[in-house]
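Q: Work out the full structure, taking the sequences as your base and the hints as a guide.
Here the protein sequences come in this chain order: A and B. Using my numbering, the first residue of the first sequence is number -17, and each one after it goes up by one. Using my numbering, the first residue of the second sequence is number -17, and each one after it goes up by one.
The set of hints was computed from the structure by calculation and includes no laboratory data. There's no promise every hint is true.
Same chains, same names: a pair is fine if it fits in one copy or spans any two.
In silico lysine-lysine, DSBU-like type, Cα no more than 35 Å apart, as pairs [stated by the list, open to error]:
#1 Lys313 to Lys237
#2 Lys237 to Lys118
#3 Lys245 to Lys104
#4 Lys245 to Lys118
#5 Lys245 to Lys144
#6 Lys313 to Lys245
#7 Lys118 to Lys144
#8 Lys104 to Lys118
#9 Lys144 to Lys104
#10 Lys144 to Lys313
Owing to the predicted nature of the structure, the values given are computational and were not obtained by experimental measurement.
Number of protein chains: 2
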Amino acid sequence: MAEMSLHKPFPAADVPRWDHETDVAVVGFGAAGACAAIEARSAGAEVLLFERNSGSGGASALSGGEIYIGGSGGTDAQRSAGFEDATEDFARYLKMAGGPCADEAKCDLYARESLAHYEWLKAQGVPYRGNFLPGKHIEPVDDSTLIWSGSEAAAPFRDHAKPAPRGHVIQHMGWGGGRPLVDILEARARDAGVRVMTDARVVALIEDGGHIIGLIARIDNASRFIRAHQGVVLATGGFAMNPDMLRRYAPLTSKIHDPIGEKDDGTGILLGMGAGGDAIHMDQFFTTCPWTMPESHAYGVFVNEQGQRFINEDCYHGRVSRTMLDQPGSKVFLLLDMAHFVQPLEIARIAIAATGETWEEVEAELEMPTGTLAATMAFYNRHAHEGRDPLFDKQAPILTPLDQGPFVALELNFDSSYFSFFTLGGLRTDVDGRVLDRAGASVPGLYAAGRCTSGLPAWGHGYSSGLSLADCTFFGRQAGRTVAAVTITAAELA
Amino acid sequence: MAEMSLHKPFPAADVPRWDHETDVAVVGFGAAGACAAIEARSAGAEVLLFERNSGSGGASALSGGEIYIGGSGGTDAQRSAGFEDATEDFARYLKMAGGPCADEAKCDLYARESLAHYEWLKAQGVPYRGNFLPGKHIEPVDDSTLIWSGSEAAAPFRDHAKPAPRGHVIQHMGWGGGRPLVDILEARARDAGVRVMTDARVVALIEDGGHIIGLIARIDNASRFIRAHQGVVLATGGFAMNPDMLRRYAPLTSKIHDPIGEKDDGTGILLGMGAGGDAIHMDQFFTTCPWTMPESHAYGVFVNEQGQRFINEDCYHGRVSRTMLDQPGSKVFLLLDMAHFVQPLEIARIAIAATGETWEEVEAELEMPTGTLAATMAFYNRHAHEGRDPLFDKQAPILTPLDQGPFVALELNFDSSYFSFFTLGGLRTDVDGRVLDRAGASVPGLYAAGRCTSGLPAWGHGYSSGLSLADCTFFGRQAGRTVAAVTITAAELA
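A: Laid out in structure tokens, this is it:
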């Protein structure tokens, strides 16, 4: 018998028996897998879903349950808060957020279909209060629906796409809306008749003449051979928890130390590559140090070890954090006055590096050369009083003078502060969820969605909250519908 | 019959006939392929070498013929110029140059074996005059042997590894030593009895039970089936000339527009991946805008569009150029006084953006806010007079005050200036040249060297001249020796 491997599909000829048969097999029970399963089942396919853990969740359940939604004039929540959101602006923002890695076809499709997707989510029972919460939040502090969750209102995005808040969060008091979101999707999947196998780790795909026709799962310490007549959907997440893959494909993550994930070890990416799938933009990752908590810290100014500013700090916290890693050295400093300083969250491991009555004193205490940090702040304050930031075009009200001491410099240190990260690179798929090979053709029988693919959140410098769950839920549905529409001939069923 | 594809090995069972048989097939006749062929043939193997062009060359022949060599106390050229070069310092520099992508085993091995490799090159007939040419050169202006070709004497490298010049250039008047270097290696290969097939494009590998046993080449417009009993060595270069691969794997190169290469379209990487090989660090690339020519421009200061310095300008020109691309915006400025300004080379497409009697005038002409560029230069000059650069630790003599006007600002624009580039990511190989799969096991019968692999030059920010040819020639030899040592059983020959 052939070897079972993540890296190479198992030949159908060596399958000793079929332990289970289904039309569609879905691997992974986070938001992407759940949405793929719901859609495939709703289209009439039998669906078997495999989850290596004892229940649903994945990285989706660790998130805030926030989904990036807009376009078509705006959602109910956007419109009632006075924000129009044209599809063109939404699409343009998505492409800028994808930077050099943007998949234009995915951005265009999602911009057009996003509102319909929002309605679908509601139809699944995801509750939305419908209101807008102003301010700068990582997640809503209450059960509000809509928050600014990206760099929409910041340069250079604001110059190319009319800004609107687009982070739509499940109605849920406080942080952690991801868990109830997945619970709802799980209930819908089960209601629809999706059969779920938990504690079932997929260890290989099965192929026959270049077609993926099933998989092997370890269940109760035995190998189970699963026939999936119409195809397999991979929805296993990224590879933030796989140190070996990080070293080979995303080594810049070695600067930081806090992967976010739930066993996100790249299984689906490896399975897909082993079946001939292409993996793209594997170096990209999201990272953030939660420096905007407390919210007043959003009014601070960042300088690198040279005492230079490096970004308009009104960008999304993840874009700012990713840009920190581009700076020379191993740390950056967040500069605040006492009007804005609050003790940082313990979890952030952000330390006070210096204090002073003047910026000159702070500069000296940081042992920076005279005329660096203090000159930066003098320049910044002079222009902030005029309401402008000629270097990076930061906007009011975040743009505010910090010239009434005493002052404090907080140290965000790549080695010791909390820089969470997850990976963005993965399998290349078309807009319908088909896994593509390196020649651009689809791998027959293989589909994928979520963070085991490269999708809407493709570029670390452009990440915005809700992009990943938008991608997981929408393109999970796409994959589910596509695989459910596969026509099986009698010969193939034989 | 199965389809012939770069992306999937052709099954041996479908081979209609063997048009040629050999012990070892080498693909690509640049420096890596030539060295692999010489070593395999010298070890007694029959070698057939396939080159898609009409003659040898590849990107190697477009280079300066410079090879990064050192360690073991120093080469003749290093020692006669007064440079000792301990193996430990050499290895440490190589690892820093590889940054987060460094392959430590390759760095350690090459640091130990580099001097013996230099002797081997001489034994092949590569001439070295043996002298050191001081100064900052991209390639020697005369026929000198040794130049500074990296960031050895610059921070932070100098703080961790004792600096020594290590760029060893074939004796050749002026630029362009790559062509005569390849000519010599070609002559040695032919003398040794390597059979060379030119105008022979390899379109597929052939596999039998997971072993690579040959290849298919297009020769005279027909498919030729080649049996390689001991294995195939891929030495086809990078993928700078493949826009589709660049978009998928190294999209940051879309900022710049001048790939260097000789049909470097990633063929070998695709063939290797198709056979199960892992490709790593695919986002990495070398780039340079030849701003140190004329040499006096090396004394200039770089600022970004914010008027901030961003690096110690005494680093290798490629490290500085790569860091330019990290800056916000689409251009940077090289600031010079008249003592150092010379009309830039036409090829560089570097324009004069502003002039002025004072830095304030230059700042105004560039429409930068008051107190940006001028403040940067005042700070720089004040410390340069004291012989120090507290921001980036640039060293004398490159560290020199620029405070006697008139001044000039040259614009290096990513869109319009000449930023050449080539890719650094590729197949993962062990130190013996075996192609490794994603599980870390070797792909039986498949070997690779040069820029179709990730090797010594692994990280764009750490590139140093001569690293790529060092990697091509040394690890090309390694691959050639390894494949020549493969023992073929009578059964396999049947």
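Q: Each of the hints needs a verdict: does it hold here or not?
A: Verification of the supplied hints:
Taking the shortest alpha-carbon separations for Lys313 and Lys237, both the intra-copy value of 11 Å and the inter-copy value of 27 Å come in at or below 35 Å. In this assembly of identical chains, Lys237 and Lys118 lie within 35 Å of each other by CA distance both inside one copy and across copies; the values are 27 Å within and 32 Å between. In this homomeric assembly, Lys245 and Lys104 come within 35 Å of each other (Cα to Cα) only inside a single copy, at 29 Å, whereas the closest approach across copies is 53 Å. Taking the closest pair of Cα atoms, Lys245 and Lys118 come within 35 Å of each other only inside a single copy of the chain (30 Å); across copies the shortest separation is 50 Å, beyond that limit.
Within a single copy, Lys245 and Lys144 get their C-alpha atoms no closer than 38 Å, and across copies no closer than 43 Å, so neither meets the 35 Å cut-off. In the homo-oligomer, the alpha carbons of Lys313 and Lys245 lie at most 35 Å apart inside one protomer (29 Å), although the nearest pairing across protomers, at 42 Å, exceeds that limit. Within a single copy, Lys118 and Lys144 get their C-alpha atoms as close as 18 Å, which meets the 35 Å cut-off; across copies the closest is 49 Å, which misses it. Taking CA atoms no more than 35 Å apart as the test, Lys104 paired with Lys118 passes inside one copy only; the shortest distance there is 25 Å, against 65 Å between copies.
Taking the closest pair of Cα atoms, Lys144 and Lys104 come within 35 Å of each other only inside a single copy of the chain (26 Å); across copies the shortest separation is 64 Å, beyond that limit. For a Cα distance limit of 35 Å, the shortest separation of Lys144 from Lys313 qualifies both inside one copy, at 34 Å, and across copies, at 26 Å.
The structure is inconsistent with hint 5 alone, although it conforms to all the rest.
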